[in-house]
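Engineer: Chains U and Y, in that order, are what the protein sequence lines are.
Per this note's numbering, residue 1 is the first one in the first sequence, and the count goes up by one each step.
Per this note's numbering, residue 1 is the first one in the second sequence, and the count goes up by one each step.
No lab work stands behind these hints: they were computed from the structure.
Ideal Cβ placement from N, Cα and C applies to all residues, glycine included.
Worth double-checking, as some hints may not be accurate.
[To be verified] Label-pair distances were calculated between CB atoms; the ranges are:
| # | chain 1 | residue 1 | chain 2 | residue 2 | range |
| --- | --- | --- | --- | --- | --- |
| 1 | U | K163 | Y | G30 | 15 to 21 angstroms |
| 2 | Y | G30 | U | P229 | 49 to 55 angstroms |
| 3 | Y | I138 | U | E84 | 34 to 40 angstroms |
| 4 | U | E172 | Y | T260 | 15 to 21 angstroms |
| 5 | U | T219 | Y | V87 | 49 to 55 angstroms |
[Stated by the list, open to error] Below, computed lysine to any residue pairings styled on SDA-like, alpha-carbon distance capped at 20 angstroms:
| # | chain 1 | residue 1 | chain 2 | residue 2 |
| --- | --- | --- | --- | --- |
| 6 | U | K260 | Y | T235 |
| 7 | Y | K105 | U | A29 |
| 8 | U | K153 | Y | F44 |
| 9 | Y | K105 | U | R28 |
| 10 | U | K260 | Y | E239 |
| 11 | U | K153 | Y | F26 |
| 12 | U | K122 | Y | G263 |
| 13 | U | K122 | Y | M266 |
| 14 | Y | K171 | U | R30 |
| 15 | U | K64 | Y | N135 |
| 16 | Y | K105 | U | I32 |
| 17 | U | K64 | Y | N134 |
| 18 | U | K122 | Y | S267 |
| 19 | U | K153 | Y | E239 |
| 20 | U | K153 | Y | M266 |
| 21 | U | K163 | Y | I240 |
| 22 | U | K163 | Y | G263 |
| 23 | U | K153 | Y | T47 |
| 24 | U | K163 | Y | F44 |
| 25 | Y | K105 | U | A34 |
| 26 | Y | K171 | U | K260 |
| 27 | Y | K105 | U | K153 |
| 28 | U | K153 | Y | I46 |
| 29 | U | K64 | Y | G137 |
| 30 | U | K120 | Y | L13 |
| 31 | Y | K105 | U | L35 |
| 32 | U | K153 | Y | I240 |
| 33 | Y | K171 | Y | A273 |
| 34 | U | K153 | Y | G30 |
| 35 | Y | K105 | U | K120 |
| 36 | U | K153 | Y | V27 |
| 37 | Y | K105 | U | D26 |
| 38 | U | K153 | Y | E39 |
| 39 | U | K64 | Y | L136 |
| 40 | U | K120 | Y | Y14 |
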Amino acid sequence: MEEARRRIQGGSGVSAVAGVAAEKKDPRARRITALLVAPGIIWMVLFLVVPMLMMVYVSFWTQKTFTIEPTLTLNSWIAFFSSETYFGALLRTIRIWLIVLAATFFLGYPTALFIGLFIKNKTIQTIVLVLCVVPFWTSFLIRVLAWRPMLGKEGAVNIVLQKIGLISQPIEVLLFTEFSVVIGMTQIYVVFMVGPIAFMLSRIDPSLIEAARDLGASTWRIFRTIIFPLSLPGVVVGAIFVSVMVLGEFATSAALSGRKVNLLGNIIVTQVGSLKWAFAAVVGVMLTAVMAIVVAALLRLADLRKEL
Amino acid sequence: MENRPILRSALALYTALFIGFLYAPFVVLGILSFQSGPEGGPQFPITEWSTYWYEHIFGLTPPSRVAPLPIGETLVRSLTLAFTTMVTSTVLGTMTAQAFRRRFKGSGFVFYLVVLGMIVPGVLVGLGIALVANNLGISRAWWGTAFVAHVVYTFPFAFLVMLAIFNRFDKSVEEAAWSLGVPPMRTFRKVTFPLIFPGVLSSMLFAFTLSYDEFPRTLFAAGADLTLPLAIYGTFAVEIHPNLFAFGVLTTLFSFSLLTVYGILMSISIHRAKKVAIQEEIE
Chain U
1 MEEARRRIQG GSGVSAVAGV AAEKKDPRAR RITALLVAPG IIWMVLFLVV PMLMMVYVSF
61 WTQKTFTIEP TLTLNSWIAF FSSETYFGAL LRTIRIWLIV LAATFFLGYP TALFIGLFIK
121 NKTIQTIVLV LCVVPFWTSF LIRVLAWRPM LGKEGAVNIV LQKIGLISQP IEVLLFTEFS
181 VVIGMTQIYV VFMVGPIAFM LSRIDPSLIE AARDLGASTW RIFRTIIFPL SLPGVVVGAI
241 FVSVMVLGEF ATSAALSGRK VNLLGNIIVT QVGSLKWAFA AVVGVMLTAV MAIVVAALLR
301 LADLRKEL
Chain Y
1 MENRPILRSA LALYTALFIG FLYAPFVVLG ILSFQSGPEG GPQFPITEWS TYWYEHIFGL
61 TPPSRVAPLP IGETLVRSLT LAFTTMVTST VLGTMTAQAF RRRFKGSGFV FYLVVLGMIV
121 PGVLVGLGIA LVANNLGISR AWWGTAFVAH VVYTFPFAFL VMLAIFNRFD KSVEEAAWSL
181 GVPPMRTFRK VTFPLIFPGV LSSMLFAFTL SYDEFPRTLF AAGADLTLPL AIYGTFAVEI
241 HPNLFAFGVL TTLFSFSLLT VYGILMSISI HRAKKVAIQE EIE
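In isolation and in its complexed conformation, chain U is listed as follows (with noise of 0.2 angstroms):
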């Protein structure tokens, strides 16, 4: 994530450096630069935002047995709004997606403190960011799976809890509960919170640190003043990866709740299986919604665009 940030930083330094004036009043330069962004605006464009618009369109369609029918009504949404299960699902995705994000953060910023802050030399720092990249090189739904034998019943932490004698009955509720939910979101999500908090870490001036000890600041003022809020925008950064991958999930509660945990995802799944297609629609756009807010209201906490 490292590398996200940076390329975004990249981003940003493009119109610094490029743009000669003379360059901008060639013609031909500007013919070359519209045939280059072109194909790419035009994918964008057929492929993402026409496909979003046509589900917020379809979202006010009829929806018969089978077929959807361009007639403009409110009844999936009435539908979305006055169901228990549907409305229930929005705000267990809310609930779920605030336990992630919080989990984290927590059981990530302690890592990325000691990747970012502690470790000086920069090749360790690489080998051991590294090391938390590797997992997700695997198949994304083998790695979800993966938490099936470690806490089912008869499962590894089961096993080990029994060995040390923690406990004497299996556990049976870490499996297919919204624990299990929880617990691979977090183990598949928590890098990318990781990442930018180390990275934003590992550029604070280490005089500063310094100069503050000197004044004979405590440890945990220092942490309070000046090391937390220099590393919020990693901290806003890695919160917009979770939420975002949090938000749109199905597979891991699909997976590790034996399909008793139901999140939004998992709904227009289901729609779309039974061939409601403006009822999907209704539910993808209450995505989106909530996914937009969350992403405007992270963007509130710090200003990215300083800091980029």
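The hints should help you fit chain Y onto chain U, whose structure is shown.
Structural biologist: Just chain Y, lined up with the frame of chain U:
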């Protein structure tokens, strides 16, 4: 902060535990992939160590009640899809990033439009593309609708990688070639491309691995013929067997060999760049 030994060792210990947390499921998965078959289940204890499930994947075991994983065809599809996605998104990413080397009107808008592709959740992109395809009467297929959805996801990665590369790139080298009368295409091939090669390699690696493993976008967009992740997902619904674990170990090894190839190519290109620099110094 390094002069706080207790805090330092506490955090080091924590980081070790944290990495253990990241790896534990894989260790368990790896161990269980050597479960005896076909009656051994996907849990402890290991009744007998064997490579049965690995043989099972390659169809080397006598038929049993456990159906073989639908790998053959789906693997070919996934590899083809990953390859075309890789080429397309790297070309698009390089072109767009090349355009960004010049200031142009609306560059901010283009930047966010492209980056949006990696932010919007896959399930929504898949749903949207499926809706558009259905309404236009286009049948959904892995090589069509799923392919464009994959590129929407991987193109931003390629773009950002190339942007970072171009940002660190000394423009005067190109200008020197131009002023010596080398035509633009030849300059690109002989001067620009070797310089940006590490970036191209990185965006290819990103695009390939992301597409090869891509699941939520493919789910609605792929139509009837399944890709590998879809086939794996299909086996979730029914009982799982240790053959999935063995398969997990094999895919991990495959990813690592890709990473190794990437590492080797990268070090070759860095080595070559160094050699050129030394030669220049001598001359």
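Engineer: With reference to the structure, classify each hint as holding or not holding.
Structural biologist: Each hint, compared with the structure:
At about 20 angstroms, the CB distance of U:K163 to Y:G30 agrees with the hint of 15 to 21 angstroms. About 42 angstroms separates the C-beta atoms of Y:G30 and U:P229, a value inconsistent with the hinted range of 49 to 55 angstroms. The hint said 34 to 40 angstroms for the Cβ distance between Y:I138 and U:E84, and at roughly 37 angstroms that hint holds. Between U:E172 and Y:T260 the C-beta distance comes to about 42 angstroms, which lies outside the given range of 15 to 21 angstroms.
Distance hint check: the CB atoms of U:T219 and Y:V87 are about 52 angstroms apart, consistent with the given range 49 to 55 angstroms. A hinted pair counts as satisfied when its Cα atoms are at most 20 angstroms apart, and U:K260 with Y:T235 qualifies at roughly 18 angstroms. Between Y:K105 and U:A29 the CA atoms are separated by roughly 13 angstroms; this keeps the pair inside 20 angstroms, and the hint holds. For the given pair, U:K153 sits about 10 angstroms from Y:F44 by alpha-carbon distance, which is consistent with the 20 angstroms threshold.
Our distance criterion of 20 angstroms between C-alpha atoms is met by Y:K105 and U:R28, whose separation comes to about 15 angstroms. For the suggested pair U:K260 and Y:E239, the alpha carbons sit about 16 angstroms apart, so the restraint of at most 20 angstroms is met. For the given pair, U:K153 sits about 18 angstroms from Y:F26 by alpha-carbon distance, which is consistent with the 20 angstroms threshold. For the given pair, U:K122 sits about 18 angstroms from Y:G263 by alpha-carbon distance, which is consistent with the 20 angstroms threshold.
At most 20 angstroms may separate the alpha-carbon atoms for a hinted pair to count; U:K122 and Y:M266 meet this at roughly 19 angstroms. A hinted pair counts as satisfied when its Cα atoms are at most 20 angstroms apart, and Y:K171 with U:R30 qualifies at roughly 18 angstroms. Between U:K64 and Y:N135 the CA atoms are separated by roughly 15 angstroms; this keeps the pair inside 20 angstroms, and the hint holds. Note on Y:K105 and U:I32: the hinted pairing holds, with a Cα-Cα distance of about 14 angstroms set against a maximum of 20 angstroms.
A C-alpha spacing of about 15 angstroms is found between U:K64 and Y:N134, which places the hinted pair at or below 20 angstroms, so the restraint holds. Our distance criterion of 20 angstroms between C-alpha atoms is met by U:K122 and Y:S267, whose separation comes to about 18 angstroms. For the proposed pair U:K153 and Y:E239, the alpha carbon gap of about 16 angstroms is at most 20 angstroms, so the pair holds. Distance check on the hinted pair: U:K153 and Y:M266 sit about 46 angstroms apart at the alpha-carbon level, beyond 20 angstroms; violated.
Using a Cα cut-off of 20 angstroms, the hinted pair U:K163 and Y:I240 is violated, with the two alpha carbons roughly 26 angstroms apart. As the CA atoms of U:K163 and Y:G263 are separated by approximately 42 angstroms, the hinted pair breaks the 20 angstroms bound. Simply put, U:K153 and Y:T47 have alpha-carbon atoms about 17 angstroms apart, close enough for the 20 angstroms limit, and the pair holds. At most 20 angstroms may separate the alpha-carbon atoms for a hinted pair to count; U:K163 and Y:F44 meet this at roughly 13 angstroms.
Under the criterion of a C-alpha separation no larger than 20 angstroms, the hint pairing Y:K105 with U:A34 is consistent with the structure, at around 10 angstroms. Restraint check: the Cα-Cα separation between Y:K171 and U:K260 comes to about 57 angstroms, which exceeds 20 angstroms; the hinted pair is violated. Between Y:K105 and U:K153 the CA atoms are separated by roughly 60 angstroms; this puts the pair beyond 20 angstroms, and the hint is violated. This hinted pair checks out: U:K153 and Y:I46 have alpha carbons roughly 15 angstroms apart, not beyond 20 angstroms.
Only pairs whose Cα atoms come within 20 angstroms are accepted, and U:K64 paired with Y:G137 is accepted, the gap being roughly 18 angstroms. Of the pairs offered as hints, the one joining U:K120 and Y:L13 holds, with about 17 angstroms between alpha carbons and a cut-off of 20 angstroms not exceeded. A hinted pair counts as satisfied when its Cα atoms are at most 20 angstroms apart, and Y:K105 with U:L35 qualifies at roughly 14 angstroms. The suggested pairing of U:K153 with Y:I240 holds, with an alpha-carbon distance near 15 angstroms, which does not exceed 20 angstroms.
At most 20 angstroms may separate the alpha-carbon atoms for a hinted pair to count; Y:K171 and Y:A273 meet this at roughly 16 angstroms. Between U:K153 and Y:G30, the direct Cα distance comes to roughly 19 angstroms. Compliance with the 20 angstroms bound is thereby established for this hinted pair. For the hint pairing Y:K105 with U:K120, the CA-to-CA distance comes to about 42 angstroms; that exceeds 20 angstroms, so the pair is violated. Annotation: proposed proximity of U:K153 to Y:V27 holds, straight-line Cα distance about 18 angstroms (limit 20 angstroms).
Among the hinted pairs, Y:K105 with U:D26 is consistent with the structure: their alpha-carbon atoms are about 14 angstroms apart, no more than 20 angstroms. Between U:K153 and Y:E39 the CA atoms are separated by roughly 19 angstroms; this keeps the pair inside 20 angstroms, and the hint holds. Taking the CA atoms of U:K64 and Y:L136, the gap is about 19 angstroms. The hint holds against a cut of 20 angstroms. The straight-line distance between the Cα atoms of U:K120 and Y:Y14 is roughly 18 angstroms, inside the 20 angstroms bound, and the hint therefore holds.
Of the numbered hints stated above, those contradicted by the structure are hints 2, 4, 20, 21, 22, 26, 27, 35, listed in ascending order.
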